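K.L.:
Spelled out from the first residue to the last, the chains are:
There are 2 protein chains.
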Amino acid sequence: MLGLMQDWPLLCHRIIDHAATYHAERPVVTRSVEGPIVTTTYARIRERALKVAQRLEKDGIKAGDRVATMAWNTWRHLETWYGILGIGAVYHTVNPRLFPDQIVWIVNHAEDRMMIADLTFVPLLEKIAGRLPTIERYVILTDAAHMPKTTLKNAVAYEDWIAEVDGDFAWKSFDENTAAGMCYTSGTTGEPKGVLYSHRSNVLHAFMAALPDSKGIKSRDVVLPVVPFFHANGWSLAFSTPMVGAALIMPGPKLDGASIYELLNTYKVTFTAAVPTVWLMLLQDLEKTGADLPYLERVVIGGSACPRAMTKTFQDKYGVEVIHAWGMTEMSPLGSLCTMKPEYAALTGEARLDVQMKQGHPPFGVEMKITDDAGKTLPWDGKTFGRLKVRGPAVAKAYFKLDQDILDDDGFFDTGDVATIDPYGYMQVTDRSKDVIKSGGEWISSIDLENLAVGHPKVAEAAVIGVHHPKWDERPLLVIVLKKGEQASKEDILGFMQGRIAKWWMPDDVVFVDEIPHTATGKIQKTVLRDRFRDYRLPTAEAAE
Amino acid sequence: MLGLMQDWPLLCHRIIDHAATYHAERPVVTRSVEGPIVTTTYARIRERALKVAQRLEKDGIKAGDRVATMAWNTWRHLETWYGILGIGAVYHTVNPRLFPDQIVWIVNHAEDRMMIADLTFVPLLEKIAGRLPTIERYVILTDAAHMPKTTLKNAVAYEDWIAEVDGDFAWKSFDENTAAGMCYTSGTTGEPKGVLYSHRSNVLHAFMAALPDSKGIKSRDVVLPVVPFFHANGWSLAFSTPMVGAALIMPGPKLDGASIYELLNTYKVTFTAAVPTVWLMLLQDLEKTGADLPYLERVVIGGSACPRAMTKTFQDKYGVEVIHAWGMTEMSPLGSLCTMKPEYAALTGEARLDVQMKQGHPPFGVEMKITDDAGKTLPWDGKTFGRLKVRGPAVAKAYFKLDQDILDDDGFFDTGDVATIDPYGYMQVTDRSKDVIKSGGEWISSIDLENLAVGHPKVAEAAVIGVHHPKWDERPLLVIVLKKGEQASKEDILGFMQGRIAKWWMPDDVVFVDEIPHTATGKIQKTVLRDRFRDYRLPTAEAAE
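Residue numbers (my numbering), protein chains in the order written: chain B, 1 to 545; chain R, 1 to 545.
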C-alpha cells in the first residue's frame, strides 16, 4: 500500500524558486571577472536563470544534453547552472586547472554541446577548440563591452545571449532521478571518470549538508564559497546556500589571501569553505597585516587533510571554529564533517585538536564501513584501519559511459581511502588504499610515515611507496627531497623516526631525490614513483633470500 | 537521461539505524507509565524494534496492514513505531482524547489489525473492544509484573510478547512511497479523515524540520517532545530527533507543569515543543515555585496560536527563545516556523513580539499561496488575507478510502485556514475559512473580533459567527460568556471594541450565553453555534429590508 502524499519531485530548480520566494532580496555579491563587485539577489538570479533556460532551448539544447561550464564562482555561473537544470539539461563543470589534454579528453567524452566560460579561459579554449568537435557554441560570461575578439565558434557575450529572450518561461518538470550535473574525477591514475549527479541526489545532499551537525547554515548566515563550483560539485554550496536563504558572497577569480580577506571583512561573512592551500594564503596574509576575523564564525576545510597547526591558528588566534570535512566527487561530495557530538563537546586544547584531526562523522544519508581486502567488516576502535566504503542516495553507483560495476555486494562504493572509525563514528583517513603498504598481511600507512618524515628539520618533502619484498610481499621505501642546501644520511632520517612508530613500520630503505612528481592538482604521483622504483632492490630483500 | 546515483530509498527505519550506529549510547529517557524513570539508548531501541518487527510477522502482520497505537511518548512507543515501519506495516496513532464513539469509528475505518496500548487506556479499550471487530490482538505496553487482568482479546504484555523472538531479523526494503503512518484529523465538522504518510514524506519532513531555520536540532541538543506522538504525527520529533542523534527525554503520561519542569531541569533539556495549554501549566507552576529554566534554549509552540504574553514571559523572564509554529495533520505536520530571517533579526521588544505573533515561514519543501474564493492569488503585503494553500512532498494529496480530489489545479491543498503573508514570506493565520465572515464580498476575521472581545475585563470567552443578512450576505454576531458574577450590556461590549477595529468589522449584535460549546480537543464548535443562531434576526437586517 502506498502513502497518500503529494508527488513533488526533488528538482534542483525548486531550490532557486524557494530562495527567490522566501529570500527574494537576499544579497548575492560577486567579485566579477571584469573587476568590480557586482550585487544581485536570489529573485533576480531566478529571473535571469529562466532566460538562460529559454535561451538554451532556442539554441536547441534538450533534456539530457551536456552543457559545459568553465567558470569561477560568480552570479552568472550560478544563473547558468539553474538555467541548465531547469530544462533537464546537465551542467558539466570543467576544471580549468587540468592539463589541456585532459580537458579535451573530458569534453569529448561528455559530448558537451555548448561551452559557457569565463573571460579568463578564452585563450586556453582558443588553443584547444579545434579538438572539441561536439561544442557548437561558446558563451562568454561577460557583456558586450568586455567581449574580446575571438576565434571561438559562434561565440557570444552572455548578456547579449540572454537579452535575446524575454524570460516568459516556466521550468520543466520531470523525474527527480533525471541527470542534473556532471563532474569528472581527477584521479592520480587512469582516464578521468564522469560522475553523473541527479536532481534527487543534489537536493537530498543539500539537506544533508545544511543540517546543524553538518554545515549548519541558516538564512542569517553570510556564506563565502571559496571552493570553486568546478571542484567536486562545489561542495553543494550552490544548492545548500539558496536552500536556506543565506547571503552568498563569491570571490570570482581572486582566491589570494588579501582578496579573500577583503570579502570576509567587507561583507561580514560568517561561514566559508575551501581547501587548506587557500587558508594557508589567508593566514599568511593576516600574519603580515595583523588583521583579524571578527565576523567569521565557521570555516569548513576539506579536499585534503587539514594540518593541525591551521586548525589551532584559526581557533585560538582568530576565534573561528574549524570544521574538518571529507568527501569525494563520487559523493556529491560531502561524506563527513567533524562537528562535536556530546561525547567530545567538552574537550579543549590539544584533546579537542586530536578529535579535529579526524574527518568526522556522516549526516543521515551517508552510511560507512571499513573492511579488509576480503570485504570483512572491521571494528570501530579508532585504531584498526581498512578500506573505507560508503552507501547513500548521493553516492555514485556507476560512471558515465563506463560499463563497470563499482559497488560491492551490499551496494557500497569503495572510496579508495583507508581509514579508522572510532567508537563514536568519527572517521579518520589514514591513507589511500593504492598507497598503503601491505607487509605480511598487515597494513602500513604511507601517509603516517610521510608525515613523520617531514617532521625532520632537513626534509622538504617525503613520499613512501611499497616495493616488492620476497618474504613480506611489500616493505616501505622512503623517498626524500631535502631542503635546499641541506645534507642528511639514511641513518639521520631513520634515527629520527625510530621509536616514534611501531618497529615493523620502519622503512626498509631511504632514497634521496631532487624532486617528487605531482599531478596538475598538486597530489603526489605515486604511480610514477612506483614505476621508477619497480625493480628497486631493498637491502633487507637480499638477507631474506 | 537519468543520473547515476545509488538507489537508496528514503525509509523511516534507516533513521533508527543511523541513530543506533552514530549515536549508539545517546540517552533516551522516559517517565514510564508505571511510574519510574527508565533510561535506554538508540542502539537498544533499534535492537528491540527489530524484535517488534519479527514478532509482528509472527502474528501475521503484513506490509500495508495497519497497527494502532494508543500510547504516551515512551521508549516502548518509539520501538513499536520503528518495528511496524521496518516490515512495511503502518503505525496508526489513535488519539485517546477523542470521544469513544470517534475512536470506534476511526479504528474500524482504518481496519486496524492490532492495538498496541498503554496501561492507561485498558479500561477505555475494554469498554469499546466489542465494537472493534478488526482488532485481533491487544498488546499492552508493560511487563508481566504490571499486566492487569483484562477481557481484551489475546491480550499480552509487550515485554512478554517481544521476548518470544530472538531479534535475529533484518528490516525489509521497499519503495519509499510505501505507506508508513496514519493519523486521522479531528476536524470540527464531519467524519474524521485519515491522512496516510509515506516513508518518503516522513524522511523528507524530518530533514525539513531539523534545518537550522526550522527546529535547528543537533546531536548536542536534549529534546523533550511534550506534544504526544498521537498528535499530528508527533510533530516529526520521533523522526527528526534520532535523525540528528539528539538525546530524547519523554514525559510518558504526566504533562502537568511540575512533572514537565522536573524533566526539563533534571535532564538539562535544551529544546522542547507543545501546544500553548501545556506551557500555560508550566508557567503557572514556575510562577508558584519561583524556579527558573537555566538549560532550556528553545521552545516550539504550535497547535493553536501562541498568546503574546506567553512568548514575552518565556523570552523576557526565562531567557527561552519561542519558535511559533504552524502546521496540520495533512502536512506531516510542520508548515512554517517563526525563526528570524536577517530582515527581522535585529528587532527587539514589542517589535520583535509583533513578528513572533506570526506563524513564520516554511522550510524548503513547503510551498504556500493565499487566494480568494475564486482561486486568484493574493498579494503578500502582510494585510490582505485569503485562503492558505500549500504544496510539497509531505503534504496530503488524498484521504484514506475517500475518493475525493482535495487539490486545486496547481496541486495545492486548501488548509482551511485564512492567512496573511508579509513581503518576507512570514505567514499569519487570521481565521478558519469556515469561520470568516463574508460581508458584502469582503472578509472579516472572526478570530480578530474574538481576541478583541476577550480583552474586555468582564468577558470570559467570546465566539463570533456570521449570520445571514439580506443586504451584506453575512454580518458578525458576537456570542459572549461573562466571567462569573459579572454583568455587562451589549453597549458596554461594543463601546469597548469601537475604534479598535474598522467600523464595518463591528458586530451587528451581541448575545450573552452561559456556555460556548467545545470539541473534545477544546476547540469552539462554531457549527453548533451556527445551528443555534441559524434563524437569528439581526437588528440591522430589519432596517435593510
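A hint or two may mislead.
Repeated chains share a single entry, so a pair holds when one copy, or any two copies, can fit it.
[Claimed, not checked] Only pairs whose alpha carbons sit at most 30 Å apart, straight line, appear in this in silico BS3-like list of lysine-lysine:
(1) K254 <-> K369
(2) K127 <-> K383
(3) K254 <-> K127
(4) K397 <-> K172
(5) K471 <-> K153
(6) K317 <-> K490
(7) K383 <-> K254
(8) K397 <-> K51
(9) K254 <-> K58
(10) K62 <-> K438
(11) K172 <-> K484
(12) K369 <-> K172
No lab work stands behind these hints, which were simulated from the structure alone. A quick note: this is a predicted structure, and the numbers were derived from the prediction, not measured.
K.L.:
Checking against the hints above, which ones are violated?
P.N.:
1, 2, 5, 6, 7, 8, 9, 10, 11
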